[in-house]
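Chain order of the listed sequences is A and B.
Going by our numbering, 47 is the number at position 47 of the first sequence; the sequence numbering is gapless.
Here our numbering = 1-based position in the second sequence + 56.
Just so you know, the hints here were simulated from the structure itself, not pulled from any lab data.
Treat the hints with care, since some could be wrong.
Here are the simulated DSS-like cross-link-like pairs (lysine-lysine), alpha carbons at most 30 Å apart as the crow flies [stated by the list, open to error]: (1) LYS107/B x LYS56/A; (2) LYS58/B x LYS395/B; (3) LYS58/B x LYS55/A; (4) LYS92/B x LYS81/B; (5) LYS377/B x LYS388/B; (6) LYS56/A x LYS282/B; (7) LYS81/B x LYS55/A; (8) LYS171/B x LYS141/B; (9) LYS395/B x LYS141/B.
Just a sample of chain B residues kept apart from chain A, beta carbon distances all over 10 Å, derived [said to hold, decoys possible]: (10) LYS58; (11) ALA82; (12) LYS227; (13) CYS234; (14) SER240; (15) GLU246; (16) ASN286; (17) PRO303.
Covered stretches of chain A, going by a simulated chain B footprint (3 or more residues, C-beta under 8 Å) [said to hold, decoys possible]: (18) 1 to 13; (19) 25 to 37.
Each residue gets a CB set at the ideal place from its N, CA and C atoms; glycine is no exception.
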Amino acid sequence: MIVPLDHCDHCGTCISVCPVDALMLTENSLIVDHELCTECLLCVNICPVAALESKK
Amino acid sequence: MKTTWDIIIIGGGPGGLFAALEAAKAGKSVLLCERKREMGIPVRCGEAVGKEDFANYLPMEPRWIGSEINTFIIVPPNGKEIKLKKDLYSGYVINRDLFEYDIAARAAEAGVQIKMKANVQELIHSDDGSVSGVRVMESGKMHEYYAKIVIAADGVESRISRQMGIQTVLKPENIEPCVQVTASGIHLPEKALYLYIGTCYAPGGYAWVFPKANNCANIGLGINGKYSSNTNCAKDYMDRFLDRFFPDASIQRYVTGGVPVTTNLKRLTQDNFMIVGDAGHMVNPLNGGGITHAIYSGIIAGKAAAASCDDPQKMKICFSKYEKEIYRKFGKNHEHQSKIKEVVYQMNDDDYNRIGGEFLKLDDSKRNFLNLFKQVVKHKPEFLINVVRAFSGI
Ligand SMILES: Cc1cc2nc3c(=O)[nH]c(=O)nc-3n(C[C@H](O)[C@H](O)[C@H](O)COP(=O)(O)OP(=O)(O)OC[C@H]3O[C@@H](n4cnc5c(N)ncnc54)[C@H](O)[C@@H]3O)c2cc1C
Ligand code: SF4
Ligand code: SF4
Numbered sequence: 001m002i003v004p005l006d007h008c009d010h011c012g013t014c015i016s017v018c019p020v021d022a023l024m025l026t027e028n029s030l031i032v033d034h035e036l037c038t039e040c041l042l043c044v045n046i047c048p049v050a051a052l053e054s055k056k
Numbered sequence: 057m058k059t060t061w062d063i064i065i066i067g068g069g070p071g072g073l074f075a076a077l078e079a080a081k082a083g084k085s086v087l088l089c090e091r092k093r094e095m096g097i098p099v100r101c102g103e104a105v106g107k108e109d110f111a112n113y114l115p116m117e118p119r120w121i122g123s124e125i126n127t128f129i130i131v132p133p134n135g136k137e138i139k140l141k142k143d144l145y146s147g148y149v150i151n152r153d154l155f156e157y158d159i160a161a162r163a164a165e166a167g168v169q170i171k172m173k174a175n176v177q178e179l180i181h182s183d184d185g186s187v188s189g190v191r192v193m194e195s196g197k198m199h200e201y202y203a204k205i206v207i208a209a210d211g212v213e214s215r216i217s218r219q220m221g222i223q224t225v226l227k228p229e230n231i232e233p234c235v236q237v238t239a240s241g242i243h244l245p246e247k248a249l250y251l252y253i254g255t256c257y258a259p260g261g262y263a264w265v266f267p268k269a270n271n272c273a274n275i276g277l278g279i280n281g282k283y284s285s286n287t288n289c290a291k292d293y294m295d296r297f298l299d300r301f302f303p304d305a306s307i308q309r310y311v312t313g314g315v316p317v318t319t320n321l322k323r324l325t326q327d328n329f330m331i332v333g334d335a336g337h338m339v340n341p342l343n344g345g346g347i348t349h350a351i352y353s354g355i356i357a358g359k360a361a362a363a364s365c366d367d368p369q370k371m372k373i374c375f376s377k378y379e380k381e382i383y384r385k386f387g388k389n390h391e392h393q394s395k396i397k398e399v400v401y402q403m404n405d406d407d408y409n410r411i412g413g414e415f416l417k418l419d420d421s422k423r424n425f426l427n428l429f430k431q432v433v434k435h436k437p438e439f440l441i442n443v444v445r446a447f448s449g450i
């Protein structure tokens, strides 16, 4: 399960690489659609500040 | 409550603001929705613009100028600064927060209705697949707004366009994850744009120091996405960079961001929907500059939308002209830049050091781009072949 961490800066870089459009920014947070997410980890690795975690 | 406009614009960066301003100046009713709470903030940007380039679009206002710069300094991995001849470059580091704030005010003055904290969640489609409006979350309430044309200016995330079937997902190698700080107490020997090039600083990208007023500077770094990982991300490179060059930096602004470094999207319109700026990947893939590209595409898109929102036949023609104009202005050039970028980033740190060393042997007056290019070719003849290939398309 992909989980945004507290230090996420809401820059949207992760959204630009998500192949299935499972990420969305709201006013103050980044939300992950776990139904759509394939856990490809592209977002986890692209984040400039490592603010996404892949949890078992 | 008003729910219908001629044109709705998603995103209030330079792309969206100029599209809104132009469309309103042409007499159309315009709504601009921006997710953030304050126009222009946060500034996810190095804020460097070329003087002439900027002047093509609008006159510079004194309060937008953070600093004026006429010198370029390249720093290879060994740290030996290569100063290019003065006056090869002339530009500004702007105050983008003030700039966007003022353009928003001009847009409002021209009649644009701006909503902040207005997050566009999705497009509303008509039966024929075209777009009829947007669903917007505002302070916990969902609203529906309708328009004849919707313009996506939603920046690098470019999520909205996907709902029109336009493929905007970037491969990791086509994006640069970046971290930037604005720091004070930065006493530079020279007011210049400093570019640090080498894999030790930023593989597949570069680090920058762009001075502003009062010994402040934007210090940032972007790496190519293919070198980015959860355990060695842009921030890790940035921490090492600051440790090496500015260990005592006092930081007053910290931002992250992503820069698309690829060729422009060819498809920038679909039915009654248009894309401007970063959302259409209109950034120069070699240097990552995109402010003026967003401004220009915003101006042209705003004009095209205003001229055609009441006439579907005319819309087709105007939209096709828009796509052609953007390709003419940036698209072709960015295809070349993209290829040159690949060659530049194939070099290793020894190559950069050696080229820098040779260049430094030249007389001051000869330190221009042409001679730098000659040194690169001397050390890496394949560079020339690749540049020729890039420009001739073989
Ligand atoms: C670290 C960094 C340094 C840079 N340095 C430079 C530089 O020195 N010089 C230069 O020329 N360029 C630079 N760039 C690139 C430049 O910042 C961009 O090209 C430029 O901002 C693009 O403008 P835009 O209007 O297309 O998008 P943006 O400025 O990104 O604006 C998009 C706006 O849309 C809003 N938005 C997104 N989705 C929604 C939604 N669903 N609903 C409502 N609002 C939404 C966002 O909040 C944002 O305000 C840099 C970029 C980065 C990340
Ligand atoms: S890339 Fe990182 S910092 Fe930016 S929105 Fe995604 S998780 Fe947050
Ligand atoms: S892991 Fe892959 S599919 Fe899931 S949100 Fe991240 S990029 Fe999208």
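ALA82/B non-interfacial with respect to chain A [C-beta, more than 10 Å]: Since the minimum Cβ distance to chain A is about 30 Å, ALA82/B lies beyond 10 Å and the statement holds.
Run the C-beta distances from ASN286/B to all of chain A and say if the shortest one exceeds 10 Å. violated (5 Å)
Between LYS58/B and LYS395/B, does the CA-CA distance stay at or below 30 Å? violated (48 Å)
Least C-beta distance from CYS234/B to chain A larger than 10 Å: violated (6 Å)
LYS92/B and LYS81/B: Cα distance at most 30 Å? It holds: about 24 Å lies between the C-alpha atoms, which stays within 30 Å.
Given the hint that LYS395/B pairs with LYS141/B, does the C-alpha gap stay at or below 30 Å? Given pair LYS395/B, LYS141/B holds - Cα atoms ~26 Å apart, limit 30 Å.
Against the 30 Å threshold, does the CA-CA distance of LYS107/B and LYS56/A hold or violate the hint? Violated, at roughly 52 Å.
Reported absence of LYS227/B from the contact zone with chain A (all CB gaps over 10 Å): violated (7 Å)
Report holds or violated for chain B covering the stretch 1 to 13 of chain A, Cβ cut-off 8 Å, minimum 3 residues. Since 4 is at least three, the answer is holds.
Hinted pair, alpha-carbon criterion (30 Å max): LYS81/B, LYS55/A. Please report holds or violated. Answer violated: LYS81/B to LYS55/A is near 51 Å, above 30 Å.
Given as non-interface: LYS58/B, which should sit over 10 Å from chain A by C-beta: For LYS58/B, whose nearest Cβ neighbour in chain A is about 22 Å away, the distance exceeds 10 Å, so it holds.
Non-interface claim for GLU246/B: all C-beta distances to chain A beyond 10 Å? holds (29 Å)
In this structure, the hints that do not hold are numbers 1, 2, 3, 7, 8, 12, 13, 16, in rising order.
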